[in-house]
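Asks: Spelled out, the chains give:
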Amino acid sequence: GQQLNQSPQSMFIQEGEDVSMNCTSSSIFNTWLWYKQDPGEGPVLLIALYKAGELTSNGRLTAQFGITRKDSFLNISASIPSDVGIYFCAGRKSNFGNEKLTFGTGTRLTIIP
Amino acid sequence: DAGITQSPRHKVTETGTPVTLRCHQTENHRYMYWYRQDPGHGLRLIHYSYGVKDTDKGEVSDGYSVSRSKTEDFLLTLESATSSQTSVYFCAISEFQTGAGTEAFFGQGTRLTVV
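Chains as they are written, first to last, in the working numbering: chain R, 1 to 113; chain H, 1 to 115.
A couple of the hints might just be wrong.
What the hints assert, rightly or not - Among chain H residues calculated to face chain R with C-beta under 10 Å, some are:
{"id": "1", "residue": "Gln6"}
{"id": "2", "residue": "Glu59"}
{"id": "3", "residue": "Arg111"}
What the hints assert, rightly or not - Computed beta-carbon distance windows for the label pairs:
{"id": "4", "chain 1": "R", "residue 1": "Ala78", "chain 2": "H", "residue 2": "Glu79", "range": "41 to 51 Å"}
{"id": "5", "chain 1": "H", "residue 1": "Asp54", "chain 2": "R", "residue 2": "Arg60", "range": "35 to 45 Å"}
{"id": "6", "chain 1": "H", "residue 1": "Ser69", "chain 2": "R", "residue 2": "Val84", "range": "20 to 30 Å"}
{"id": "7", "chain 1": "H", "residue 1": "Asp56", "chain 2": "R", "residue 2": "Ser27", "range": "16 to 26 Å"}
{"id": "8", "chain 1": "R", "residue 1": "Ser7", "chain 2": "H", "residue 2": "Asp62", "range": "23 to 33 Å"}
{"id": "9", "chain 1": "R", "residue 1": "Lys93", "chain 2": "H", "residue 2": "Gln108", "range": "21 to 31 Å"}
{"id": "10", "chain 1": "H", "residue 1": "Val12", "chain 2": "R", "residue 2": "Glu41", "range": "13 to 23 Å"}
{"id": "11", "chain 1": "H", "residue 1": "Ser69", "chain 2": "R", "residue 2": "Gly40", "range": "23 to 33 Å"}
{"id": "12", "chain 1": "R", "residue 1": "Ala78", "chain 2": "H", "residue 2": "Thr86", "range": "37 to 47 Å"}
{"id": "13", "chain 1": "R", "residue 1": "Asn75", "chain 2": "H", "residue 2": "Gly51", "range": "35 to 45 Å"}
What the hints assert, rightly or not - Stretches of chain R that chain H covers, calculated by requiring three or more beta carbons in the stretch to come under 8 Å of a beta carbon on chain H:
{"id": "14", "region": "44 to 51"}
{"id": "15", "region": "101 to 110"}
Please keep in mind that the hints were generated in silico from the structure rather than gathered at the bench. We put the CB at the ideal spot given by N, CA and C, even for glycine.
Could you build the full structure based on these sequences and the hints that come with them?
Replies: In structure tokens form, the structure reads like this:
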């Protein structure tokens, strides 16, 4: 099945640094979602994007829906220890919740002391 | 989160035995999903349900069956467990009308080990 290309696969950063990650697809999606997964837990929705070009923030997190509709980006500013985890992008071809999501393989974020 | 509960949280079973995982929701959402998560593969859809007794296959459905007899419960059965089914299984729920409050909402997962 199709999966989204998510990069980087892993990141090692120092506390206070900014983080950027992205997700690309060979086909168009009309919804992009970003989730975070903490160890031993299920993914939790961070940001939902429904319009090409849309830029949405959630605290220190900012996500963008690419204009081509084939990519999306997530930025985290001034990282803190609780940002550690795995970040997943997910795409859906429609704006309706009955359609299945396609997930990226995740970006693992580690903060170096 | 309180809106979706998976049971059991951990299970070890022997090859060849049947296993049933349960997902229970209190949100009255129409759609329910079972995913498996494996290193390097992200989340892959096993089966999903769009209503009571209405289910369909996902991308990795071989060796799995599901049932939904009530809105709130979605069961995943491994008919004869194999070592390749060792994984972490997640249930998710969603609604038709989208928005940050109705997008796929995940349970805490079930870690299944087949020995």
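Asks: Does each hint fit the structure? Answer for all of them.
Replies: Results of checking the hints against the structure:
1. Gln6: Holds, about 8 Å.
2. Glu59: At 3 Å from the nearest chain R Cβ, H/Glu59 passes the 10 Å test, so the hint holds.
3. Arg111: This hint holds: H/Arg111 lies near chain R, its Cβ roughly 9 Å from the closest one there, short of 10 Å.
4. R/Ala78 x H/Glu79: 41 to 51 Å: holds, 50 Å
5. H/Asp54 x R/Arg60: 35 to 45 Å: Hint holds: Cβ distance 41 Å, inside 35 to 45 Å.
6. H/Ser69 x R/Val84: 20 to 30 Å: Taking Cβ atoms as reference, H/Ser69 and R/Val84 lie about 40 Å apart, which means the hint is violated.
7. H/Asp56 x R/Ser27: 16 to 26 Å: The hinted range 16 to 26 Å holds for H/Asp56 and R/Ser27, with Cβ atoms some 21 Å apart.
8. R/Ser7 x H/Asp62: 23 to 33 Å: holds, 30 Å
9. R/Lys93 x H/Gln108: 21 to 31 Å: holds, 28 Å
10. H/Val12 x R/Glu41: 13 to 23 Å: Between H/Val12 and R/Glu41, where Cβ atoms are some 20 Å apart, the hint holds.
11. H/Ser69 x R/Gly40: 23 to 33 Å: The hinted range 23 to 33 Å holds for H/Ser69 and R/Gly40, with Cβ atoms some 30 Å apart.
12. R/Ala78 x H/Thr86: 37 to 47 Å: holds, 39 Å
13. R/Asn75 x H/Gly51: 35 to 45 Å: 38 Å Cβ-Cβ, so the 35 to 45 Å window holds.
14. 44 to 51: That given contact holds, which follows from 5 residues of the region 44 to 51 of chain R lying within Cβ reach (below 8 Å) of chain H.
15. 101 to 110: With 5 residues closer than 8 Å to chain H, the region 101 to 110 of chain R meets the three-residue bar; holds.
When each numbered hint is compared with the structure, a violation occurs for hint 6 only.
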